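A.B. asks: First to last, the sequence lines map onto chains C and X. Number 18 in the numbering used here belongs to position 18 of the first sequence; there are no gaps in the numbering. Take any residue in the second sequence, count from 1 to its spot, add 1000: that is its number in the numbering used here.
Bear in mind the hints are in silico, worked out from the structure with no lab data behind them. Everything numeric in this text was worked out from a predicted model, so none of it was measured. Beta carbons are placed, not taken as given, at the ideal position from N, Cα and C, and that holds for glycine. Among the clues, some could well be false.
[Said to hold, decoys possible] To spell it out: a stretch of chain C is covered by chain X in this simulated footprint if at least three of its residues, at any positions, have a beta carbon under 8 Å from a beta carbon of chain X; those stretches are:
(1) 58–65
(2) 71–81
(3) 86–97
(4) 101–107
[Claimed, not checked] Label-pair ranges, simulated between beta-carbon atoms:
(5) M76/C / S1164/X: 54 to 64 Å
(6) Q1300/X / L113/C: 33 to 43 Å
(7) Q1300/X / A172/C: 36 to 46 Å
[What the hints assert, rightly or not] Away from chain X, derived, C-beta distances all over 12 Å, residues of chain C:
(8) P4
(9) E32
(10) D39
(11) S52
(12) R212
(13) D231
Each chain is listed here by its residues.
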Amino acid sequence: MTGPVLELSGIRKTFGGVTAIEDFSLEIFPGEIVALVGDNGAGKSTLIKIVSGVHPPSAGSIALDGQPVVMSNATMARMLGIEVVYQDLALADQQAVYMNLFLGREPLTALGLLDRRRMIAETEKLVKELDVRIPSAHAAIRDLSGGQRQGVAIARATHWASKLILLDEPTAALGVAETARVEEIVRSLKKRNIGVLIISHSLDQVFRLSDRICVLRRGKQIGVRDTKATDKNEIIAMITGLKQG
Amino acid sequence: MSNADLAAPSLLSRINLQRYVVYIGFLAIFLFFAIVLRDSGFLTVRNLSNIVLQTAPVTIMAIGLVFVMSAGEIDLSIGSIVAVSALAAAVTIGQYGMVAGIIAGLGAGFVIGLINGFLVAYVKLPSFLVTLATLGLFAGVSRSMTDLRSIPVTDSLFTGIFGSGSLFGIPSLIWWTVIAIAIAHIVFRETRFGAHVLATGDNARAAAVCGISVPRIRLAVLTLSGVIAGLAGLLYAGRLQAAKYTLGETDLMTVIAAVIVGGTLLNGGKGSIVGALVGSLMMGMLNNGLILMGLSVSDQMIVRGFIILAAVAVSLREKNR
Ligand SMILES: Nc1ncnc2c1ncn2[C@@H]1O[C@H](COP(=O)(O)OP(=O)(O)OP(=O)(O)O)[C@@H](O)[C@H]1O
Ligand SMILES: [Mg+2]
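If we strip away everything but chain C, and leave its shape as in the complex, we get (with noise of 0.2 Å):
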């Protein structure tokens, strides 16, 4: 087995006087999917935060691969191979799908202009691997569905990331069947060896897709469970606070 693609190890974040993350600690191997659970404001969104290079710790260090980091910014973690879907996509609404998965990032031909070609080879051949079933690598994404959409910036992240992919809530906005594909998409990252950290409220969401998970409340780390040594009931305790890690 290898060792872990991220390793935090007592993550503090404190804003002011407030603490918003204290003593955190967790690894996430490759190819394995850890859900991030908690109640509103418990601290999720801050602790990805700090893992894409948005927010430096107030303590605490961060390893990818074994090897300390700092990330100064969100470009230096891009650059370390961590991706981020964000909750509200980040996708440029009028623009084509492929000028969106290149964002950015665009290659160029020889002359120094847009290689629109690749970009849409691989973004046809990328979409066709994920099943992401959009019209056209062509089509604006004011043209495609929440689904689509959401398909469309996990591949974004899928395409750049070579260690880590974070995810803010990627269902929170989607109907079923919407949500039974993007979870799809999800598990099938796990093919190509990435850690995948997701955020969601949907408890039924995190028992079909992770491998393990992590609950915060208040900041605090209540306890990492392997999903199938666990039930919702004992999470939901967790996170209400009615058990202690």
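Model the placement of chain X with the ligands on the given structure of chain C, informed by the hints.
C.D. replies: Relative to chain C, chain X with the ligands alone:
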């Protein structure tokens, strides 16, 4: 969700009015004038080429505005930049010669554009207010620069290059138009910069999380617009062989109309350089035709106002679809 449900309606609405409205409008207006004004000289080569020549400065300014509006900003100050640049060039040519004059004219546009861009990108003021303020400010500057006097431009090389000259039998103003449109089209459509301008106007947050420096894009488009308006000022000075504070004063509405009719969205994220060219020619043709029809200046303004209203309506309908 199957492919078919999603593809069908969007494909139908893709073939939408908005994309072709400028070409349809252009043809319709052309045919209308060709028929109504067939005995008034509208269709003569001389008149048609005059339209293109007279439109050149507006077309050039429209190029800058396509970048600005695609990035989700606006530049209301272009008219004032035209006057300041033309005057700066005219005064400098008289004293230091042509090259210094060109540098002065373009440099004035660059500096004003840079001021606009800095205030929008880094002080984070809305471009509408910033350029409204610089519009007024530099209108004042252009009036005081030469005490409202007109400055003649006698350098014949300058007036040839930027005005009445020609190369291979093609008037220099047409060269300027064609070359500027071609370069701008490639930069806008085929470079990273163009793609980042569109992404910034479409969704600035998305652009930022993808590593695009949104402030730098905003600074760049407004500076570019300033330089381009400076070039338009040189073209006016060259063609009229003089510069005056009134140059460009009434062009803003025409330029905005040309850009919007040409398919650039007011709120950013979508634009077309070729569309702006056709839009600009259409506005020029409209001016020309309305004059030949004998409409008064006030009637012309009213008709143009209606055309702009219609264009904005189509543009916004598209965005909210
Ligand atoms: N930039 C910030 N400045 C100050 N406080 C912050 C900041 N970001 C988050 N917080 C605080 O940190 C705590 C955790 O917030 P966070 O957004 O991480 O919660 P969450 O678990 O993602 O909640 P939700 O489920 O509602 O999305 C909250 O008390 C919040 O107010
Ligand atoms: Mg959150």
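A.B. asks: Hints the structure violates: just list their numbers, smallest first.
C.D. replies: 1, 7 and 11
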